[in-house]
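Protein chains: 2
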Amino acid sequence: MNPSHIEHIGIAVKSLDDAITYYENVLGLKCYAIEEVKDQKVRTAFFVVGQTKIELLESTDPEGPVGKFIDKNGEGLHHIAFAVENIEDCLRETEEKGIRLIDKIPRKGAEGLDIAFLHPKSTFGVLTELCEKK
Amino acid sequence: MNPSHIEHIGIAVKSLDDAITYYENVLGLKCYAIEEVKDQKVRTAFFVVGQTKIELLESTDPEGPVGKFIDKNGEGLHHIAFAVENIEDCLRETEEKGIRLIDKIPRKGAEGLDIAFLHPKSTFGVLTELCEKK
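So the sequences go chain by chain: A and B.
The working numbering puts the first residue of the first sequence at 2, with every later residue one more than the last.
The working numbering puts the first residue of the second sequence at 2, with every later residue one more than the last.
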């Protein structure tokens with residue numbers, strides 16, 4: 002697979018506005034985009050730190066994946082996303098190695114990337130996303 | 002503060018050996034160092050992905066911070082570390098902004114970096130590390 006870098010780190014928050022204030026005023030990062038991803042039932046806010054983005058995730062529905070995550074775990078680190086090439090090949094090879102896939106076929110994520118998730122039960126507890134900018 | 006990049010992502014695992022196999026054989030990363038950090042009661046394994054390292058953390062003591070984390074949450078994402086300059090100034094400014102510090106003075110972490118943690122109760126649930134290579 003050989004990912005080139007960490008594309009982003011997803012962080013579940015209760016309030017996008019409150020968390021944006023912290024990331025801007027304390028860490029000194031700049032929110033450059035807010036985007037709703039209806040498919041995932043989240044509103045997202047993006048920051049750049051070097052090669053990597055911080056993606057804050059606020060649930061728009063308590064029954065959505067981030068709503069359920071916060072209900073169970075509270076706010077905090079949610080997933081990491083690796084930048085890959087040929088995401089379809091990566092998914093096929095990953096499944097052949099016995100890893101459980103959440104998405105067998107890539108779908109569209111935030112910022113128009115092709116994305117797919119690996120199941121945390123196969124990845125030592127880390128919800129892991131692959132993404133490719135086509 | 003203006004961190005230059007994500008220095009590393011810390012991931013708590015039960016077995017360093019099992020997790021290293023996954024990161025090498027599935028993700029295609031290469032473990033370049035294993036180091037014990039006695040102060041933190043962990044053994045760590047390091048991988049590079051672009052500008053960022055993956056730091057796997059295996060507890061050497063059930064009463065240590067990673068042992069307690071796994072006992073409560075299971076394996077998974079543990080902390081993120083931002084690369085900063087003038088870490089002492091960053092800590093002073095962060096505290097002045099009302100953020101609770103775990104470490105008021107930097108200490109030595111893995112790979113000889115000066116490190117300090119911010120408390121997750123002040124950082125929207127994300128255990129946040131600042132680190133500086135002096």
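Bear in mind the hints are in silico, worked out from the structure with no lab data behind them.
Fair warning: there could be bad hints in the mix.
For chains that are exact copies, the list does not tell them apart, and a pair is met inside one copy or across any two.
Below are the DSBU-like pairs computed for lysine-lysine, each with C-alpha atoms no more than 30 Å apart in a straight line [claimed, not checked]:
no., residue 1, residue 2
1, Lys135, Lys73
2, Lys109, Lys135
3, Lys73, Lys15
4, Lys15, Lys122
Requested in this report: Output the numbers, in ascending order, of every earlier hint that fails for this structure.
Outcome: 1
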